[in-house]
Each structure stands twice: as C-alpha cells, then as structure tokens.
Amino acid sequence: MKKKKAFSVYKSDNRKCLFPEQFELWERSDWNDDLPPFFKRLNNIEDDRSFVILATSVLEYQIDRFLKAFIPNHQILINDKTNLFTKINLIRAFNLIPEHFPDMLDNIRKIRNDFAHNLKIDSFNDANESEKLPGHIEEMRRLWDKFQNDMCYWQNDKPLRLMFKDIWRVCVEGLRVFESNVRLFRQETEKKEFINHLNKLSMELKDIRESAERESVLKMYMPWRK
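Residue numbers (the working numbering): 21 to 246.
Derived from the structure by calculation, the hints contain no laboratory data.
Errors might be hidden in some of the hints.
[As the list claims (entries may be wrong)] In silico DSSO-like cross-links for lysine-lysine, where the CA-CA straight-line distance does not exceed 30 angstroms:
1) K88 with K31
2) K152 with K140
3) K212 with K239
4) K211 with K152
5) K152 with K220
6) K152 with K178
7) K178 with K166
8) K211 with K226
Take the sequences, apply the hints, and build the full model.
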C-alpha cells in the first residue's frame, strides 16, 4: 500500500512563495502578551456560532498584525474600511507565505459568514439549513486531512468545532511566526546598505546588457567576426 505523503502546514510544498518556511526565532516572541486571554474566552464558549465569530475576530486581529508588519504605510490599506476578504487577498497577492494559508483563512471567513448571516444556524450540526455551509465544511475537512500531522484538537466522532479550531489555530500560529520573517525582511531591505547594493547591481547589469547589445550589433554587421 502506497504511503500517504505527509505535508507540513508551516512549509510550502512547491516553494514558490517568498518565505517557503519559517526562519529561526531571531526575536523574542510576544505570543503570551496578547493571545492567551482570547484562547481562554474561546474555551469558555459553549455554542458554535459564538465560537466561530469570536475566533474569526481573533484571526483578523492577527491578519492585521501580519500585514502591518509588511506594508510600510499600512493605514492606507489596513483600516476600518477594509474587510476580511480584502485582507486575505492582500496576503495571497503578496505571495509571502505558503500558498495554503490564504486558502485556510478564506475557509474560516466563509464559515464565519455562514454563521453570522444565517439565523437558522447555531451549530455545525445545522449545516443542512444552509446552502453553502456543507461545502465549506467539506473544504475544511480536506484541509484538515492534508495537514493532519499539525492538528491536535479534532478526532473522529468529536464535534466539528474542534476541526474548525485546529484550522484556526495553525493559521494564528503560522501568521504570528511568519510575521517574524516579514519584520526581518523589512529590517534588512530598508537598510541603506541594501539599497546601495541594488544600485551597484543595477550598474553591473547595465554593463552586461550594453556589452551584449554591442556584440549583437557586431555579429549582425560583421558576421565573420568571432
């Protein structure tokens, strides 16, 4: 029997993004400064609707942190008028982190919308009361199955809220750690030395281009020349 390939949610399988995996933790983590109270509140919630809505609000807080760490004048794009869909698309467009993160973020957003805008849904067990929620749950299952090695809450026959919590947790943790990558990237690329290096490189590339163009002209008019 063919062994199922193991995927890590914290790495890009195709390595086509800027940060295919996380750097070493070069700065002190501030995870314990702000997130534990949110986890405590979530653990005390009994109904799925309240849990999903609050969890997504916490995730949006982390998305804001991530984007603000990357975008210099972030207030132009990240403000009270920016909806969650746009913020997720910004993460997708910049292509900074593994490609499945925007997919997971969007899955959470869609499930949040199902609960927030359909008064018939109070629990994941009410999925059949919604036209869209069953499909969003199926996508959540697919993501959970793919990255199950990094999941810790849900098991067979457990409430689907725990599967949602698994996807939510890896998104919050992943964005927080990749946020450190982004800060180091900006720290180094905004240094004067880096800009001077690019300027020097541009001059070297200009010389190479001009040399190639001269050689091309000489070959055209003096084909016998080697």
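* Ascending list of hint numbers which this structure does not respect -> 3, 4 and 5
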